[in-house]
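S.K.: Given next are the chains, with one letter for each unit.
Number of protein chains: 2
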Amino acid sequence: MKAMDTRVIKLKNRPKGRPEISDFEFDKTEVCSLQDGELLLKTRYVSVDPYLRGRMSDAPSYIPPFEVGKPIESGIIAEVIESKNKDFSKGDFVSGTLDWKESQVAKADGLHKVDPEKAPLSAYLGILGMTGLTAYLGLTEIGKPKEGETLLVSGAAGAVGSVVGQIGKILGLRVVGIAGTDEKIEMLKSEFGFDAGINYKTTENMTKAIAEACPDGVDVYFDNVGGEISEAALFNINKFSRTINCGAISVYNNTEIPKSISVQPFLVKKSSLMQGFIVFDYADKHPEGIRQLTQWLNEGKLKYTETIREGFDNIPKAFLELFDGKNKGKMIVKI
Amino acid sequence: MKAMDTRVIKLKNRPKGRPEISDFEFDKTEVCSLQDGELLLKTRYVSVDPYLRGRMSDAPSYIPPFEVGKPIESGIIAEVIESKNKDFSKGDFVSGTLDWKESQVAKADGLHKVDPEKAPLSAYLGILGMTGLTAYLGLTEIGKPKEGETLLVSGAAGAVGSVVGQIGKILGLRVVGIAGTDEKIEMLKSEFGFDAGINYKTTENMTKAIAEACPDGVDVYFDNVGGEISEAALFNINKFSRTINCGAISVYNNTEIPKSISVQPFLVKKSSLMQGFIVFDYADKHPEGIRQLTQWLNEGKLKYTETIREGFDNIPKAFLELFDGKNKGKMIVKI
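Sequence lines, in order, name chains F and C. Take the first sequence: its position 155, counted from the start at 1, is 155 in the numbering used here, and no numbers get skipped. Take the second sequence: its position 67, counted from the start at 1, is 67 in the numbering used here, and no numbers get skipped.
Calculated directly from the structure, the hints in this document are not laboratory data. A portion of the hints provided could be inaccurate.
Note that the list lumps identical chains together, so a pair holds whenever it fits in one copy or between two copies.
[What the hints assert, rightly or not] When the alpha-carbon atoms are kept at most 27 Å apart in a straight line, the in silico BS3-like pairs for lysine-lysine are as follows:
no., residue 1, residue 2
1, Lys269, Lys328
2, Lys301, Lys16
3, Lys326, Lys269
4, Lys113, Lys16
5, Lys10, Lys86
6, Lys189, Lys317
7, Lys239, Lys16
8, Lys301, Lys118
9, Lys70, Lys269
10, Lys208, Lys12
11, Lys269, Lys259
12, Lys28, Lys90
13, Lys301, Lys326
14, Lys28, Lys201
15, Lys12, Lys113
16, Lys107, Lys285
17, Lys144, Lys239
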């Protein structure tokens, strides 16, 4: 096979604080020739996610940092253009963690086929992918919600948050969401069935607003944001409450270590639990999660929202928009 | 029976910040006459504990606050002087939560007999009482320690901390203790078998000191203190680490809500757990805990230290000394 070139997006610099377009570099690179067992893939949908910000720093974290001068990778849906692997055929679609390249050769490990008949391809990056699994497994494995309890969700209009809230409703909880525009709050209630919503940008006293929206206190807090919103949540947690620390987007771009009120006295007083959740740690539970999510989706119990940008050139920009809260639901770039 | 008077210590004022002697009031009160099922008790040993500070404030907590003008109560070993309850006889010793009175009439619910033949009476307030149970159940139920892991203990020379470390050694962990004098550090190592100790009062960079004492990182952190020491611990936690939030003595006397670095990003990065522990929540596990602790004590595997003050008049003073770290191990007042 003749060597061909493809476009690639690399990490140019490690961002200081908020990432900028200039932290990314567009380049060309050769597509290697196919070896036995490998696939030639054409990128169709690219997932951009807040957690990628962490991989742009070189601080130790749950997955290795990106290397400067090397391609960035994220969740991608690709089409098989050519296959030297008996389990995959030309025309199949696969999901996996792949480079930000228009075309690439990849080994089949870690890739799995997705069926465009059962759900739109982009859904496999969201509600039926890491997003849905994060919502479902974070809520059930750490949150251990019980019918009649109150669930508070921050970043509720985001990809994960909107699914968390819907699952909370399916499981019989009172669900309160926090988001940053009135339009998002309206969407949480009318489209996703949240019982109440709080616009943190227009609310002066978040502690009081949460108390009012959660008259029986907060039993489960699904925390996507950290920072001041999570401080306000602490004042409202119930005895034996569980907090899923799923993300801290409000502080990811801080260049200094953020300070907030000490959680320890609250945890002691309330026999309360906080636990970090990373979907990759629960790989053995992914098949069951996908099965449950697909069932709810087919039953019409789960809705999802996507914000789709178009074009390979716009991947970095779409990523940056996450930090302005410009997305409703899952942010995806269609190539 | 003729009415008799007894001395009593009441809460005079809710302390602002650090409690003072003037927050306590010595008074006299009548000992009620014995009803059916009740016991007349003479106080022998009084436990003073940091958590009592919380009950002196009127903020909601895991147990109701003390009332101003009413007796303070804590763990007490008392002798039965007269009994109208078939399960108890004159001369028995009982353990329970009782008023700070020289003599009192009490119902038998919540009191249980203790045997001075099996262990010294004061041990039932410490190693075989709430102290030992807090160490054992906090460490095992939340910490879930595994052989070969590293256990970090703050407030390590305190009543709970010194037992936590010893149990850690019995279970095959590397155990590192943090305390506030060189003498205490020496005691942790020579008497209680800790592998290493850190004097936080003479150590400039606690984060570095913990890293050096815990070369494989911290898997279980038994946190008795909160505050800056717990910040330093955060920088050293391992993936999947567990923190038992047992107390926060460093901030109990703060009049403003204490701030510290945000724990959320650490928990997210490390898939780490923090959970508040209150021994009262685990009442169903107390019998098994006492059985295990008694066995280890009889096998010579557990040692305990007490600081015993004498005299009813000295109860408040002994309590205040806790906040200066004047105690080694369990602080008890013998009447």
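S.K.: Given identical chains, is lysine 301 near lysine 326, meaning Cα to Cα at most 27 Å, within a copy, between copies, both, or neither?
M.R.: Result: close within a single copy only, 26 Å intra versus 60 Å inter.
S.K.: For lysine 107 and lysine 285, with the copy left unspecified, which applies at a CA distance of at most 27 Å: within, between, both, or neither?
M.R.: within (24 Å within a copy, 51 Å between copies)
S.K.: When Cα atoms must be at most 27 Å apart, do lysine 269 and lysine 328 count as within-copy, between-copy, both, or neither?
M.R.: Between copies, since 25 Å is at most 27 Å while 36 Å is not.
S.K.: Can you give me the call for lysine 144 and lysine 239, within, between, both or neither, at a CA distance of at most 27 Å?
M.R.: both (14 Å within a copy, 21 Å between copies)
S.K.: Is it within a copy, between copies, both, or neither that the alpha carbon of lysine 10 lies no farther than 27 Å from that of lysine 86?
M.R.: neither (31 Å within a copy, 81 Å between copies)
S.K.: Reference check for the pair lysine 301 and lysine 16, CA-CA at most 27 Å: within, between, both, or neither?
M.R.: neither (42 Å within a copy, 53 Å between copies)
S.K.: Treating 27 Å as the Cα threshold, decide for lysine 208 and lysine 12: within, between, both or neither.
M.R.: neither (44 Å within a copy, 32 Å between copies)
S.K.: For the identical chains here, do lysine 12 and lysine 113 meet the 27 Å Cα criterion within one copy, between copies, both, or neither?
M.R.: Close neither inside one copy (32 Å) nor across copies (72 Å); limit 27 Å.
S.K.: Evaluate lysine 28 and lysine 90 at a C-alpha cut-off of 27 Å and name the case that applies: within, between, both or neither.
M.R.: For lysine 28 and lysine 90, only the intra-copy Cα distance (25 Å) is at most 27 Å; the inter-copy one is 92 Å.
S.K.: Quick one: lysine 113 to lysine 16, C-alpha cut-off 27 Å, is that within a copy, between copies, both, or neither?
M.R.: Result: close neither inside a copy nor across copies, 37 Å intra and 64 Å inter.
S.K.: When no copy is specified for lysine 269 and lysine 259, does a C-alpha distance of 27 Å or less occur within a copy, between copies, both, or neither?
M.R.: both (21 Å within a copy, 17 Å between copies)
S.K.: Give the relationship of lysine 326 and lysine 269 under a CA distance limit of 27 Å: within one copy only, between copies only, both, or neither.
M.R.: Between copies only: 25 Å across, 38 Å inside.
This entry does not satisfy hints 2, 4, 5, 6, 10, 14 and 15, going by the numbered hints stated previously.
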